[in-house]
Structures are given as C-alpha cells and as structure tokens.
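Colleague: The lines below spell out each chain.
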Amino acid sequence: MSLIEIKDLSKTYESGEEHVPALVGVDLNIEKGEFVSVMGPSGSGKSTLLTILGGLNHPTQGEVVVDEIPIYKLHLEKLADFRREYLGFIFQSFQLIPYLTVIENVMLPLSITEKSNREQLNMAEEILEKMGLKGRGKRLPDQLSGGEQERVAIARALVNSPPILLADEPTGNLDSKTGTEMMELFKSLNEEGQTIVMVTHNPENVAFSSHIIYLRDGRVVDGEPAIMEKMRSEP
Amino acid sequence: MRLKDISINNLRRRKSKVLFLILGLTIGITTVVILLSITRMMNEDISNKLDEFGANILVIPRSDDLFLSYGGLNIGGVSVDAQTLKDSDIPKIRQIEVKENISTVSPKLIGVVEIEGKKILLTGVLFQEETRLKKWWKVHGAVPKSRNGVLLGNEVSVRLFKSAGDHLTINGKTVSISGILDETGSQDDFLILGDLTFVQEVLKKPGALSLIEVSAFCISCPIEEIVSQISKALPHAKVTAIKQTLQTKMEALDHFKKFSLGVSLIVLLIGGLIVFTNMMASVNERKREIGIFRAIGFRKSHIIRIIFLEAFVVGLIGGVMGYLLGLGISYILGPVITGIKGGGILVDPVLAVGVVFLSVAMGILSSIYPAIHASKMDPTAALRAL
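So the sequences go chain by chain: G and P.
Start counting the first sequence at 61; every next residue gets the next number (my numbering).
Start counting the second sequence at 2; every next residue gets the next number (my numbering).
The set of hints was computed from the structure by calculation and includes no laboratory data.
Built from N, CA and C at the ideal position, the CB exists for glycine as well.
Incorrect hints may have been included.
[As the list claims (entries may be wrong)] As a list, the in silico DSS-like pairs of lysine-lysine whose alpha-carbon atoms are at most 27 Å apart: (1) K301(P) - K138(G); (2) K87(P) - K5(P); (3) K190(G) - K92(G); (4) K194(G) - K16(P); (5) K5(P) - K138(G); (6) K5(P) - K175(G); (7) K120(P) - K198(G); (8) K16(P) - K5(P); (9) K135(P) - K175(G); (10) K198(G) - K288(P); (11) K288(P) - K133(G); (12) K135(P) - K87(P); (13) K18(P) - K288(P); (14) K100(P) - K120(P); (15) K133(G) - K5(P); (16) K16(P) - K138(G); (17) K198(G) - K5(P).
[As the list claims (entries may be wrong)] Covered stretches of chain G, going by a simulated chain P footprint (3 or more residues, C-beta under 8 Å): (18) 85 to 94; (19) 153 to 165; (20) 192 to 206; (21) 268 to 279.
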C-alpha cells in the first residue's frame with residue numbers, strides 16, 4: 061500500500077458562472093521514502109495538487125488516502141490534527157511568523173500539543189542544530205539571511221517528525237548557490253527516509269528528486285518529458 | 002511555548018494599535034467608575050445628612066379603637082390594651098438584617114394630663130435620641146439631663162405662663178422646666194416633653210410606648226425593605242414609611258442614576274465598537290499568518306483561543322487602568338461636580354473586581370465575531386497570497 065494514494069482527483073474553481081478546472085482525473089501513488097517533484101507551467105494545477113495533498117483544499121471529486129486515512133472524510137478539526145501529525149509544510153517565501161523568535165517559530169507546531177515547554181525546547185534545539193542554526197534561536201526572522209530563514213522553515217516543518225514533507229517552490233526566493241544547498245539538504249533528508257513532495261518551477265531542482273510528476277492543464281502528462289529525463293541525469 | 006505566548010508576542014508587536022485598543026476600553030471603564038463613584042458620593046452624602054431630614058419611618062401599635070394625632074398622622078391609642086408597643090421592641094428594631102442602615106430609634110409614650118385645669122399632651126422621650134432626630138430644635142434653657150426635668154413646647158409655655166427654671170406638678174409629681182422650645186410649627190409646640198421612664202411612671206404605664214420614630218437610610222435597598230424588616234420583627238406593630246422626607250432628593254438621585262447608566266452604556270458600546278473594529282482589522286491583517294497556523298495543524302478552536310487571549314489581556318489592562326484613572330478623576334472632580342466637600346476616594350474591591358470583569362467581558366464579547374471570522378478563514382485563500 062502506497063503512503064499517498066490519489067484516486068480520480070478533480071478540482072474545479074467556481075468564478076461566478078465560470079467553472080475553471082484546475083485538476084482533472086488525477087491518479088497518483090507516492091511511496092514512503094520517495095522524493096517527488098511536481099512540475100509544470102503556471103496554471104497547470106501544481107499548487108492546487110499540493111494544497112489538496114496538504115488537507116487544505118477539498119477536492120471537487122476523487123479521494124486522497126494517506127497512510128490508509130481518507131483525509132477528506134475526516135471532520136474539519138480532525139483534518140487539522142492530521143496536518144499536524146502527518147505533514148510538514150515549507151512555504152514559498154518561508155512564511156516565518158515575524159514577531160516570534162527563531163526557536164518560537166520552530167516550536168509553533170508543538171505549541172498545540174501536550175508536550176512540556178522543556179520537551180518542546182529540546183526538540184526545537186535539536187532540529188535547529190541539525191539545520192546548522194545552533195545559537196540562532198533567540199533571533200527574530202528578519203535578523204537572518206534568506207538561506208537561514210529557509211532552514212528555519214524546514215526546521216519548523218520537521219520538528220514534529222511528520223511522515224511527509226510538502227514544499228512549495230522552496231528555492232524560489234533564494235540565490236542559486238543557497239538554492240542548491242537547500243536541495244542538497246532535501247536530498248540528505250530523503251536519504252534518511254523522509255518522504256518529500258515538492259512543487260517547483262526550477263528544472264535544476266528536479267535532479268535531486270527520485271520521481272517527477274509533470275502536470276499540464278490539470279492532468280498528469282504520461283511519461284516524463286525528455287527534458288526532465290535530461291535534467292535528472294545531470295545533477 | 003503555548004498559545005498565550007503567541008497572543009502576547011503579537012500584542013507586543015502591534016504596540017500602537019494595542020494601545021489604542023486599551024485606550025478605548027480604558028475610557029469606557031473610567032466613565033463607568035466616575036459615574037458610579039459620584040452616584041455613591043451623593044448617596045453617602047444623603048446618608049450622612051439623614052438626621053437633618055428627621056424620621057422617615059413611624060412604628061405604631063396595631064390598634065384602631067382610638068386615634069390620637071401626632072404630626073397630622075393618626076396613631077394607635079395607648080388606652081387600648083389589645084396591642085401596645087414596649088421598651089423591649091427597641092432592640093428588635095436595632096437587630097434587623099439591615100440594621101447598619103438605621104440611624105436613630107426614638108421611642109415615645111404619649112398621654113393626656115391635666116395641669117392647672119388644662120388638658121395637655123405629655124410625651125415621654127429619650128432626649129439623646131430625640132435631639133439627634135430633631136436637629137432644628139432651639140431650646141431656651143437646656144435639654145433635660147435628669148428624670149425630673151421637662152421641656153415645654155412653645156405654645157404650652159405661653160398657655161401655662163411658664164419659663165425655663167419654673168416648676169410644674171404633673172399627676173402629683175413636681176418637675177423642673179429645664180428649657181422651652183422655640184416655635185417649631187409642628188406638634189412639638191403643644192407638648193410637654195419628659196424623660197421616657199418618668200412619663201411611663203406618671204401615666205402608670207411602665208415599659209409602654211405609643212410610637213417609635215425611626216430614622217433610616219439604605220443606599221442599596223428601598224426604604225420599603227427596611228419597613229418590611231421592622232414589620233417582620235414587630236408583628237404587633239404597624240410600620241409606615243414617611244416617604245415625603247427623602248422622596249424629592251431620592252428622585253433626583255434616581256434620575257442621576259438612570260442618566261449615569263445611560264451614559265455608561267453608550268460609552269461602553271463605543272468601547273466595544275473600538276475593540277470590534279480593531280480586532281476585525283487585526284484579523285484581516287493576519288490572514289496569511291492564520292493560514293500558516295491552520296496549515297501546520299492549528300484547529301479552529303486554537304485560532305479562537307489566540308484571539309480571545311489577546312482580548313482578555315487587552316480587557317484586563319484596560320479594566321485596571323480604567324479603574325485607577327476613574328478613581329483618580331473621581332477623587333479630584335467628584336467634590337467639584339457634586340459640591341460635596343470631603344468626599345473621600347472610594348476604594349471598593351467589589352467595584353474594582355466588577356469593572357475589571359466588565360472590561361474583560363467587553364473585550365471578549367466584542368471579539369467573538371472577529372475570532373469566529375478568523376477561524377473560518379479558508380487557509381488556501383490565506384496561503385494564495387504567499
């Protein structure tokens with residue numbers, strides 16, 4: 061059984077009387093430990109797929125099953141619990157909370173658990189150290205470089221040890237050197253067993269992933285386009 | 002880290018907006034405290050000056066056989082034995098539930114005596130209580146200090162050609178006239194006033210009373226409440242409130258209370274609106290942040306709790322500041338506004354806790370809609386702005 065099963069998934073946005081299909085009949089299986097890149101041009105449905113996978117966007121049709129849980133059959137509050145336990149989000153532009161310190165940002169997913177302050181602190185310090193941010197805990201996000209902010213965002217996504225990491229254009233706001241460093245970090249996390257689903261525009265990022273999904277007009281394009289193959293073979 | 006840390010950190014970040022929010026609540030609470038304090042000052046002033054108004058409750062025996070007139074009021078007859086008041090009734094009045102509101106209890110025994118061929122009302126009183134009750138009395142001579150002294154009403158002294166220092170014989174007992182009352186225009190002009198126990202002896206009615214005048218004031222309860230409690234304590238007596246003594250002043254105070262309530266409600270409503278609009282603006286500004294919270298697994302109830310915690314902190318600070326400011330302003334302006342001198346500062350823990358609670362409740366009530374609105378925000382709409 062795959063970790064993520066997507067069956068006949070469709071999403072249509074209503075805009076007045078206009079129906080805009082974002083995803084059409086998508087079937088996908090993502091195995092545990094995979095590093096999947098979702099690619100495609102703007103408006104192809106990449107972000108919609110990621111938000112649906114993230115339990116944030118109810119599909120118009122179809123089913124999303126994660127670890128045998130049909131997530132859209134869960135009550136809204138249970139779905140929030142599911143997100144907390146199963147998913148780590150890395151947003152474009154990092155999306156750190158500006159008035160919380162680095163360590164508080166990392167502890168955010170833990171703040172609504174039963175864990176004591178000491179446990180939360182230990183977990184956050186451990187993951188910050190792993191991200192090479194030891195000693196940066198008391199700083200505010202705007203006192204860090206772009207690469208450091210990105211690593212704080214990853215630390216926040218991973219602090220709860222979620223089975224799945226979802227990333228939306230994680231290198232979109234980074235220079236190419238920092239972007240590559242980030243991808244190497246993702247690769248090493250994946251090698252440790254972390255399942256990653258990443259939406260990206262950047263073909264260079266694809267080379268780090270183990271599986272590519274190419275979307276066009278809301279549909280999965282059969283077979284990986286040759287350019288993707290090429291990118292994958294030249295890291 | 003807990004949700005409260007998120008709330009407090011957010012409040013710290015938005016200092017100027019939070020100050021405005023606190024100011025809105027502070028002004029509301031300050032107004033309430035000032036109006037309440039001034040109303041209380043006026044109430045207490047009436048209470049303190051109560052003796053100047055004389056008695057406002059009359060206790061008479063439950064008897065309808067014979068009528069004697071006292072100050073234009075019909076009182077139960079003393080010659081009928083069926084129901085009489087006794088000395089022992091006085092402590093019962095002093096022991097009612099709202100006893101602290103009773104200022105003076107002045108018992109009287111009234112009887113008709115014949116002096117030099119003239120029928121005159123002889124009234125036994127406790128001079129200490131009576132002079133407290135009738136501060137307007139002016140006495141030529143002195144108020145009797147012993148059992149053998151009497152005070153003559155102005156009209157009686159004229160009819161009997163007596164002045165202070167003369168002697169009188171009442172039912173065979175000789176007494177000295179300690180003083181003569183200046184004309185009062187009341188029933189007192191026609192009385193001989195003697196010591197209660199002496200009059201009981203002269204009239205051969207030991208321990209008996211004709212009536213009891215009570216001077217009482219209750220800030221928080223109507224005079225009817227005191228009347229009802231005395232009636233319960235003395236089932237054999239008829240207790241009547243002489244309403245006109247305080248009625249006018251109380252009515253004016255009542256109007257002021259209603260006005261204060263109206264002003265307080267309007268100011269609190271404005272305070273509530275300030276909280277509401279500010280919270281709504283804050284929630285809309287934080288759309289993206291709330292989207293992040295929801296994406297990382299915060300339940301709707303967590304979002305509501307964050308907003309309510311902020312409202313609680315703001316309400317608490319606004320309440321404490323409003324109370325202190327209101328207290329200060331009342332202290333300075335109260336005497337100026339009311340014309341009451343020496344009106345002290347009212348440090349009332351019930352008022353303090355009450356207004357802080359009111360402020361917190363207002364903060365939270367005004368934040369209910371913004372909090373629900375925030376919790377219902379579509380996280381994808383919030384994240385689309387990313």
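Colleague: For the pair supplied as a hint, K18(P) and K288(P), confirm whether the alpha-carbon distance does not exceed 27 Å.
Modeller: holds (17 Å)
Colleague: K5(P) and K138(G) were given as a pair; does the straight-line alpha-carbon distance stay at or below 27 Å?
Modeller: holds (22 Å)
Colleague: In terms of beta carbon proximity below 8 Å, does the stretch 192 to 206 of chain G have 3 or more residues touching chain P?
Modeller: n = 0 at 8 Å, threshold three: violated.
Colleague: CA of K16(P) to CA of K138(G), is that 27 Å or under?
Modeller: violated (35 Å)
Colleague: Check whether the Cα positions of K133(G) and K5(P) lie no farther apart than 27 Å.
Modeller: violated (31 Å)
Colleague: With a Cβ-Cβ cutoff of 8 Å, does the stretch 268 to 279 of chain G contain at least three residues near chain P?
Modeller: With 0 residues in contact (Cβ-Cβ under 8 Å with chain P), the coverage given for the stretch 268 to 279 of chain G is violated.
Colleague: Has the given pair, K87(P) with K5(P), been kept, meaning a C-alpha gap of at most 27 Å?
Modeller: violated (67 Å)
Colleague: Taken at face value, is the distance from the CA of K92(G) to the CA of K190(G) at most 27 Å?
Modeller: Holds - the C-alpha atoms of K92(G) and K190(G) are around 22 Å apart, at most 27 Å.
Colleague: Can the restraint linking K16(P) and K5(P) be considered satisfied, given a maximum Cα separation of 27 Å?
Modeller: Roughly 17 Å separates the two Cα atoms, so the pair holds.
Colleague: Against the 27 Å threshold, does the CA-CA distance of K120(P) and K198(G) hold or violate the hint?
Modeller: violated (100 Å)
Colleague: Does K198(G) pair with K5(P) here, judged by a C-alpha cut-off of 27 Å?
Modeller: holds (18 Å)
Colleague: Taken at face value, is the distance from the CA of K87(P) to the CA of K135(P) at most 27 Å?
Modeller: holds (23 Å)
Checked against the numbered hints above, the structure violates hints 2, 4, 7, 9, 14, 15, 16, 18, 20, 21; every other hint is satisfied.
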